[in-house]
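**Q** These protein sequence lines map, in sequence, to chains F and X.
So that you can map any letter, position 303 of the first sequence is 303 in my numbering, and since no number is skipped, the others follow by simple counting.
So that you can map any letter, position 99 of the second sequence is 99 in my numbering, and since no number is skipped, the others follow by simple counting.
Hint data in this document are derived by calculation from the structure and do not stem from the laboratory.
Everything numeric in this text was worked out from a predicted model, so none of it was measured.
Hints are not guaranteed to be accurate.
Stated by the list, open to error - Take a look, some chain F residues computed to stay more than 10 Å from chain X by CB distance: (1) Lys78; (2) Gly109; (3) Leu230; (4) Leu253; (5) Arg332.
Said to hold, decoys possible - Covered stretches of chain F, going by a simulated chain X footprint (3 or more residues, C-beta under 8 Å): (6) 195-207; (7) 241-247; (8) 427-436.
Built from N, CA and C at the ideal position, the CB exists for glycine as well.
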Amino acid sequence: MDQCQHCLDINRRTFLGRGIAGLGLLGLNALINPRLFAADASHGVINPLHHPAKAKRIIFLYQAGGPSHLETFDNKPKLREMNGKGMPESFTKGQQIAQLQGKTLTCFGPQHEFRRFGKSGQEMCELFTHMGGVADDICIVRSMWTEQINHDPAHTIMNTGSIIAGRPSMGSWVFYGLGAEAQDLPGFVVLLSQGRGGQMQPIAARQWSAGLLPSKFQGVKLNSIGDPVLYIQNPQGINAAIQRESITAINALNSAEYAAVKDPEIQTRIAQYEMAFKMQTSVPGLVDMSNEPKQVLEMYGAQPGDGSFASNCLLARRLAERGVRFIQLYHRDWDHHGGVKTGVALKAEEVDKPTAALIADLKQRGMLDDTLVIWGGEFGRTPMSQGGDGRDHHIKGFSFLLAGGGIKGGITYGSTDELGYAAEENPVSVHDFHATMLHLLGVDHKRLAVKFQGLDVRLTGISGDVVKDILV
Amino acid sequence: MRIEEDKRTPQQKAAVAAHFEWASPEALPELIQVANLEKESALLDAAIPRVVVSEATTPTETRVLGRGNWMDESGEIVQPAVPAFLGKLDTGNERATRLDLANWLISPRNPLTARVFVNRMWRQFFGIGLTKSLDDFGSQGEWPTHPELLDWLAAEFMHPEWQAQGTHPWDVRHLIRTIVTSATYRQSSLATPELEESDPDNRLLSRQTRFRVDAEVVRDVALSVSGLLEEKFGGPSARPYEPDGYLAAMNFPKREYSASHGEDLYRRGIYTFWQRSFLHPSLLTFDAPTREECTINRVNSNTPLQALVLLNDPIYVEAARVFAQNILKRGRSLAVKPTLSEQIDWAFLRAVDRPPTLAERRILSDLHAKSLAEFRQAPADAERLIHEGETPAPGDLKPADLAAMTMVARAILNMHETITRN
């Protein structure tokens with residue numbers, strides 16, 4: 001019950017202690033809780049950490065729509081060989097299928113060549129040459145599988161560990177568990193970009209919702225075009241001086257009320273108005289990339305203000321530097337029911353260089369050691385063709401990339417069967433992935449739970465094992 | 001006429017009516033009125049949508065689905081029932097129907113429904129239920145702080161006895177009246193340090209509880225205090241101002257948002273259009289749930305984003321400006337015009353139902369002086385500020401004066417006390 005009260009009540013003391021911690025007023029919070037200065041401490045409810053953390057923050061480069069593993073990181077020569085032949089029924093019998101239901105199932109070989117990269121000789125599709133350049137820092141997991149075959153529920157389980165809408169997203173769990181380090185930014189930030197291919201599956205705000213956790217743990221979507229945070233700009237006609245005067249006056253009025261009624265919630269309100277004013281200065285500065293050196297912009301392929309995945313990758317680094325705990329980028333446009341060959345090539349143009357640049361940039365700044373970078377989508381795509389040149393949704397096997405933050409680089413973990421249909425060796429479930437991610441952050445996934453409707457709700461539900469073999 | 005009325009054929013009825021029309025010309029206007037009303041009534045009747053209810057003749061077979069697998073048809077066949085720990089439906093040996101469930105829910109022998117309901121009502125008025133666990137009255141729920149009170153209220157709700165005239169069983173209005181006219185409800189929320197120490201969460205109800213009002217009400221308070229609120233009842237949802245591109249991540253179809261115009265911009269928060277999964281950002285910021293999951297107990301957070309909404313969302317800026325117009329126009333025709341202090345006092349009283357202290361008045365008059373100086377130097381800024389929102393700016397107030405008073409009004413609307421139920 002106690003754990004439940006942590007998060008679900010309107011207990012004011014909780015807000016003073018944690019509400020501010022939630023958005024990282026370290027000074028004030030440390031005053032209340034001196035333990036925060038301890039090495040194994042966090043700013044959230046997991047305090048101290050369950051074990052020493054390898055990663056302090058996470059950048060999840062979410063490839064929305066379902067990237068084909070067969071044109072990215074999982075080469076299947078046998079499938080190429082069987083191109084055009086019937087898909088053996090032994091693979092598909094009784095399996096769930098999306099749009100190919102009732103159709104003749106035909107093998108469809110990888111549409112691009114693969115080659116080996118780096119000292120480790122990791123095998124990757126040749127379209128991803130830049131990512132190949134950091135192959136020795138990357139762990140390729142080829143044996144991911146999920147339970148949901150349509151986009152929205154598949155996103156939901158990937159983000160929340162459940163297909164039931166209303167559970168907290170992983171970013172909210174991490175923010176709730178560990179708090180934020182940022183002084184003037186939210187602990188969980190979301191960035192969206194669109195591909196040029198037009199496969200624009202929608203993304204619901206539920207994917208970064210705090211669900212049953214207090215709403216302050218929800219992801220804050222930074223808009224890459226227009227105001228980065230909603231209502232961050234002063235209203236028309238109000239300059240910075242008047243805004244400052246107004247906030248000073250509001251806080252003075254609130255202080256007067258506090259003196260009269262001694263409600264600690266008022267102190268929190270005062271702190272939040274100060275924080276809001278700081279954000280009004282810091283957030284525009286954060287997204288203003290004009291002070292980034294030209295070679296850095298070129299390295300990412302970013303043009304400030306274009307709202308591209310490249311710009312968002314650079315922004316992710318800037319957010320990581322400023323202490324944001326969980327940074328999630330969504331790049332939409334991977335839903336290649338048709339034209340998978342040109343589609344993936346277009347995606348490679350958009351994501352290959354910036355992904356590699358982000359990993360290299362973090363590394364050269366010494367941040368890759370404690371930043372976990374994740375690259376992957378909600379599911380993979382069928383080894384069978386759809387309409388002759390596309391692939392359908394596929395849940396039995398797909399690939400994820402992990403780098404930094406306590407992950408062994410230059411290795412490939414797990415595999416699918418010879419036709420790339422199902423995860424065969426060392427299958428990794430979504431819950432296993434979540435358990436591993438939390439483990440790297442110093443959190444035991446079984447002990448990060450809240451009581452809700454009589455259940456201990458966890459990101460990993462009732463399953464999930466840490467994938468130890470890929471850890472340093 | 002010798003035939004009794006209920007035995008006449010339609011032709012006979014028509015003949016009698018025709019004779020009556022001929023014999024009583026003075027009734028003609030009423031007859032025409034009746035005919036017109038009958039015509040309207042028929043039109044109205046035709047416009048009412050009909051609900052088609054079909055009843056299955058043979059009930060569908062329902063099976064337990066092992067691990068939720070709907071393709072597995074080998075599970076045990078089950079009959080309609082309530083969970084075993086809640087007793088049994090009284091149906092003889094018949095298969096239970098929805099009516100049985102309804103009767104069971106409100107049976108005098110089932111106190112649970114009424115207890116749960118009155119506890120939720122109590123939460124509305126005291127910020128916390130008599131038991132905190134609004135959704136769990138079982139062994140994992142919290143034991144109520146005042147079990148006798150919970151029981152008495154539940155019994156009173158099911159069958160009113162106290163001041164019961166004009167009430168009826170399950171009368172929500174009676175329940176609310178009983179709660180809000182109680183001495184407990186009408187207490188002050190001021191606590192002594194001893195009380196804060198011994199009963200910090202006010203579970204013993206020796207005072208009233210203080211809480212920030214719900215998202216919709218935050219909006220209503222600003223609109224109502226400023227004089228902008230449109231109190232129209234019912235009708236289609238309203239679309240307040242919303243930042244451009246807020247729905248850009250949606251598809252099938254792509255959503256283009258355009259705000260309402262006129263009175264719909266100023267309607268109560270409960271009428272705000274509810275875009276599932278992309279709820280209006282101002283409501284979301286103040287903890288309105290996205291409705292993807294049944295939410296019994298809204299959390300009540302206190303974040304910097306809330307400050308940004310109250311400071312910068314155009315509707316709150318417009319509300320502050322219209323509030324300022326009303327402050328400035330009040331008493332203008334009097335021989336002795338109100339002083340700035342009197343204007344501030346009136347505005348403050350209007351927002352929080354008490355006059356400001358000396359210190360509070362000073363804070364606001366200082367803000368006024370500084371803002372006035374700024375806006376006199378930058379008249380273009382004043383113009384832009386007072387043209388925020390659809391309400392036309394009045395031509396008979398100096399822009400700098402209105403802009404400066406808008407800053408005072410905005411500060412008042414941003415006070416913690418303004419959005420707090422004391």
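**Q** Okay, which hints does this one fail, numbers in order?
**A** Hints 3, 4, 5, 8 contradicted; others consistent.
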